[in-house]
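A.B. asks: Here is how the chains run, residue by residue.
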Amino acid sequence: MRSSFFGLETGLRALLAQQQAIDLTGHNIANANTPGFSRQVARLEATTPYPVPAFNRMSSAGQMGTGVIAGSIERMRDLFIDMQLRTELAAQGDWTITRDMLARVEAVMNEPSDSGLNALLNRFWDGWQDVSTSPQNLSVRASLVERAAGLAEAFQRQHSQLRTVQSDIAEQVAISLRQFNSLLDRLAALNVQIVGVTNTGNQPNDFFDRRDQLLEELSKLAKVRVTIAPDGAAIVQLGSALLVDRDQVHHLTSAVDSSGTLEIRWANEPGAPVISGGELAGLLRLHNETIPEYLERLDAVARLLIESVNSAHAAGYDLNGESGRPFFAGSGAGDIAVADAIVADSSRIAAASTPGASGDGSRALAIARLRDDATILDAATALRPGTALPGVPGVTLTGVEVTGAPPGARFTLTRTASGQLTMTDGNSTSQTVTLADLPSGGAQIINFSLFGVTLVVRSDTSASATADQLATALQGQIATAAAKGSANSLYQALIVRLGIDGRTAQEMSANQDTLVQHLQRRREAVSGVSLDEEATNLVRLQHAYQAAARFITAVDQMLDRLINNTGIVGR
Amino acid sequence: MRITHNVLSETVLAGLNAALERLDRLQDQVTSGKRFTRPSHDPVGVARSLDHRTALAATEQYLRNVDSALAWLQATDIALAGAGDVFQRARELGVRAANNALSADDRSAIVAELDQLTAQLLELSNTSYDDQYLFAGLKTGTRPFAVAGGPYQGDTGQVLREVGPQSVLAVNIPGQPAFSDGFAALAGLRAAVLSNDGVAISSALATLDTAHAGLLAARAQAGAKMNRLEAVMQQLQEQRTNLKQLLSQVEDADMAETLVLYNEQQNVYRAALGAGARAIQPSLLDYLG
Numbered sequence: 001m002r003s004s005f006f007g008l009e010t011g012l013r014a015l016l017a018q019q020q021a022i023d024l025t026g027h028n029i030a031n032a033n034t035p036g037f038s039r040q041v042a043r044l045e046a047t048t049p050y051p052v053p054a055f056n057r058m059s060s061a062g063q064m065g066t067g068v069i070a071g072s073i074e075r076m077r078d079l080f081i082d083m084q085l086r087t088e089l090a091a092q093g094d095w096t097i098t099r100d101m102l103a104r105v106e107a108v109m110n111e112p113s114d115s116g117l118n119a120l121l122n123r124f125w126d127g128w129q130d131v132s133t134s135p136q137n138l139s140v141r142a143s144l145v146e147r148a149a150g151l152a153e154a155f156q157r158q159h160s161q162l163r164t165v166q167s168d169i170a171e172q173v174a175i176s177l178r179q180f181n182s183l184l185d186r187l188a189a190l191n192v193q194i195v196g197v198t199n200t201g202n203q204p205n206d207f208f209d210r211r212d213q214l215l216e217e218l219s220k221l222a223k224v225r226v227t228i229a230p231d232g233a234a235i236v237q238l239g240s241a242l243l244v245d246r247d248q249v250h251h252l253t254s255a256v257d258s259s260g261t262l263e264i265r266w267a268n269e270p271g272a273p274v275i276s277g278g279e280l281a282g283l284l285r286l287h288n289e290t291i292p293e294y295l296e297r298l299d300a301v302a303r304l305l306i307e308s309v310n311s312a313h314a315a316g317y318d319l320n321g322e323s324g325r326p327f328f329a330g331s332g333a334g335d336i337a338v339a340d341a342i343v344a345d346s347s348r349i350a351a352a353s354t355p356g357a358s359g360d361g362s363r364a365l366a367i368a369r370l371r372d373d374a375t376i377l378d379a380a381t382a383l384r385p386g387t388a389l390p391g392v393p394g395v396t397l398t399g400v401e402v403t404g405a406p407p408g409a410r411f412t413l414t415r416t417a418s419g420q421l422t423m424t425d426g427n428s429t430s431q432t433v434t435l436a437d438l439p440s441g442g443a444q445i446i447n448f449s450l451f452g453v454t455l456v457v458r459s460d461t462s463a464s465a466t467a468d469q470l471a472t473a474l475q476g477q478i479a480t481a482a483a484k485g486s487a488n489s490l491y492q493a494l495i496v497r498l499g500i501d502g503r504t505a506q507e508m509s510a511n512q513d514t515l516v517q518h519l520q521r522r523r524e525a526v527s528g529v530s531l532d533e534e535a536t537n538l539v540r541l542q543h544a545y546q547a548a549a550r551f552i553t554a555v556d557q558m559l560d561r562l563i564n565n566t567g568i569v570g571r
Numbered sequence: 001m002r003i004t005h006n007v008l009s010e011t012v013l014a015g016l017n018a019a020l021e022r023l024d025r026l027q028d029q030v031t032s033g034k035r036f037t038r039p040s041h042d043p044v045g046v047a048r049s050l051d052h053r054t055a056l057a058a059t060e061q062y063l064r065n066v067d068s069a070l071a072w073l074q075a076t077d078i079a080l081a082g083a084g085d086v087f088q089r090a091r092e093l094g095v096r097a098a099n100n101a102l103s104a105d106d107r108s109a110i111v112a113e114l115d116q117l118t119a120q121l122l123e124l125s126n127t128s129y130d131d132q133y134l135f136a137g138l139k140t141g142t143r144p145f146a147v148a149g150g151p152y153q154g155d156t157g158q159v160l161r162e163v164g165p166q167s168v169l170a171v172n173i174p175g176q177p178a179f180s181d182g183f184a185a186l187a188g189l190r191a192a193v194l195s196n197d198g199v200a201i202s203s204a205l206a207t208l209d210t211a212h213a214g215l216l217a218a219r220a221q222a223g224a225k226m227n228r229l230e231a232v233m234q235q236l237q238e239q240r241t242n243l244k245q246l247l248s249q250v251e252d253a254d255m256a257e258t259l260v261l262y263n264e265q266q267n268v269y270r271a272a273l274g275a276g277a278r279a280i281q282p283s284l285l286d287y288l289g
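From first to last, the protein sequence lines stand for chains S and A.
End of the first sequence sits at 571 in my numbering; the numbers just go up one at a time, nothing left out.
End of the second sequence sits at 289 in my numbering; the numbers just go up one at a time, nothing left out.
Only chain S is shown next, with the shape it has when bound in the complex (with noise of 0.2 Å):
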């Protein structure tokens, strides 16, 4: 027998579940707009139908519905797109970063423009051919250093700025780091609630949101892989290294070591994780490889420009019949400068190719025709010009002209007697020069006509050395590079490269912006709020609320028909 009760508990589950499916449609509509916010949707189910199958189960007919549950409350979620998601926003992450440094590192070199490097080096040429044509002219000269230190303080200058961008990067390592922490403390705490959730059997939906969230900020940083246990918790693992486990955590730290790379590595355990994506690799990409090959190319510019006009200007004579001066100081973009005893006096400028004559500008014309094409040697030459002879001190190899030689030449002195210097080439051809002692405060060019070698030494007011310290000292190899090339064209392919590497970080970052922008559609279709469906759903819910709270009446007044007005005959 069925108790006359049993309609009052079936209109009041239906009552209970249909109030908490209203309220879970308030929580939706209050999180419309809550980023990472997934829809939540009561899964309403029939109650254990009366009586259960038994032995002495009453005998009217059929099992009798008890009315409705909501069974559990699940969030709508994809948990695939999720994962596509977090390994493309590892990408955008990536792409985004090195997209918006290049941009800066293209603000740094200023091209195409008229005040440029490479505007600057054209400017520079031209002085060297206005010396050639007015070599007497002391405004001309000083006209052509100050070309030269305008151009030595730009090369400084995009120098140190791509160092600056450099040192950023290393600093927004350190920002992100402090960041990428933050966010592995607030998982593993996540973690904790978690897991004390899932053990009471109830699904925490909206630690669950929260926890994707953070593991979407976190794939921006760095690509992680992330696996949830059965009991909930999220392991997140860079690579093969745990990061998060359960409430374990390993921070990590950024460091610059002695030969400049920056580098990634564990707070508090010995090693270094490798880091395959996000930003934070990007940055790591930039810092230690993309900017360092731009400062290597620009310093091959400087490099380039400083020994091949050093090496001609040391050959040349200046107005006072001396030679063998460098024109440039320095060894690269972060020190190249005009030498002070050409910035001092701009008479000393070598633009004659013999002693004496004023009006010969056959050095200078030779100078400005290295913009066109430029002997570049190769790392292997022993002989650079600006090397301090070994043995005699005070003395400098200010120039190592080569104009003769064709690209790939080796060329080999050796001293083959007293005071006597022997050039020998790769078919074992040699010419012998017989060098002359040098005074203090001289020069001594030593021309290999055969080859098209000059050798210029210079020394010291205080220094001198003789002929055979000479030939001791100057033993060693000159190599030219591969290809001939001029700093003009270097400077060039620099910028092309600069070009096409941040081309290509747009691009990619833009197609990651539109996966990205595709996999958050995806997702918001399932996971979105609809405010329209919210809606009608309210008015579903409503509708039913109202119709069991009749219910409740109907059995109200059956029960009341039952015992206020029933068995009353007679009275």
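Note that these hints are calculated values from the structure, not bench results.
We put the beta carbon where it would ideally sit given N, CA and C, even for glycine.
Just to be clear, a hint being listed does not mean it is correct.
[What the hints assert, rightly or not] If you want the footprint, here are the derived chain S segments under chain A, 3+ residues with CB under 8 Å:
| # | stretch |
| --- | --- |
| 1 | 189-201 |
| 2 | 348-356 |
| 3 | 509-522 |
[To be verified] Partial chain A-side listing against chain S, Cβ under 10 Å, derived:
| # | residue |
| --- | --- |
| 4 | THR4 |
| 5 | VAL12 |
| 6 | ALA14 |
| 7 | ARG38 |
| 8 | PRO39 |
| 9 | ALA58 |
| 10 | GLN61 |
| 11 | ASP106 |
| 12 | LEU138 |
| 13 | THR142 |
| 14 | ALA146 |
| 15 | GLY157 |
| 16 | GLN158 |
| 17 | GLN249 |
| 18 | SER283 |
| 19 | LEU284 |
Once you've looked at the hints, dock chain A against the given chain S.
C.D. replies: Using the frame of chain S, we list chain A on its own:
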């Protein structure tokens, strides 16, 4: 696919953003007049632009060199023309001294004029341009002739001007044969007139003619160089125009096209705004009682 209001508003936002980005790029092109302002806008274009700019700078420098060489040669031509006049006048004086029976006064007047002419020739031989002595070889800071008929102080070096890639031209005429012979001939004539020696006068006149012929040859040479330089200048000017055109083709935005694109893009943006405004507004809630 289930579409929510957030998807709609995000689509509208992404569309507006993309339209604005394109608009920004076009605006950059319109206001700067350039197709690119950064290497990443067009790496290949930037490389070609740098190439053309370097070539243009070199061409303009060559043009300045040609100008300077022409000015040098013009100064040379004027000096040589002056020297020619000197020889011409000396010849007239020599002929007069040889043919007529002149008084001692007349002869001393001729000698005085010859002295004037010698001084004039000395001045001409020391002509300078831009603080450089034209006839001193490479020793442009030294007067080639300190005194008339004195030793030549210059050298035989060539003053070179680069007027094109690998194209070098010597613009100077050393004073050694051109003027030394002239001084010698004038001195010979002066001595012959003084001694009233007819034979010596005619032989001095012959020397004068040889010197004059040498001078004319030098002048012809300078003239030929000037002609060549004029031709080179024309070539360089054409080259400069070509390079400027090439540079403009590579760098400059096609204004008509860019402006049309700009307007199109502006319309796209407006349409996106309008559609967005309509798409975001309504929901079922607007219609539920």
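A.B. asks: Does each hint hold? Answer for all of them.
C.D. replies: Cross-check of the supplied hints:
1. 189-201: violated (count 0)
2. 348-356: holds (count 3)
3. 509-522: Coverage by chain A holds here, the residue count being 4 at a Cβ distance below 8 Å.
4. THR4: Holds, because the Cβ-Cβ distance from THR4/A to chain S comes to roughly 4 Å (cut-off 10 Å).
5. VAL12: 13 Å, violated
6. ALA14: Constraint on ALA14/A satisfied, holds at 6 Å.
7. ARG38: 5 Å, holds
8. PRO39: Nearest chain S Cβ about 3 Å off; hint holds.
9. ALA58: Because about 7 Å separates ALA58/A from the closest Cβ in chain S, which is inside the 10 Å limit, the hint holds.
10. GLN61: OK, holds: GLN61/A within 10 Å of chain S, min 5 Å.
11. ASP106: Interface hint status for ASP106/A: violated (44 Å vs cutoff 10 Å).
12. LEU138: 3 Å, holds
13. THR142: It holds, given that the least Cβ distance between THR142/A and chain S is near 8 Å, below 10 Å.
14. ALA146: For ALA146/A, the interface hint is violated, since the closest Cβ of chain S sits about 17 Å away, which is over 10 Å.
15. GLY157: Constraint on GLY157/A satisfied, holds at 6 Å.
16. GLN158: 9 Å, holds
17. GLN249: Given a least distance of 14 Å, the restraint on GLN249/A is violated.
18. SER283: Check passed: Cβ of SER283/A comes within 5 Å of chain S, closer than 10 Å.
19. LEU284: 4 Å, holds
In summary, the numbered hints that this structure violates are 1, 5, 11, 14 and 17.
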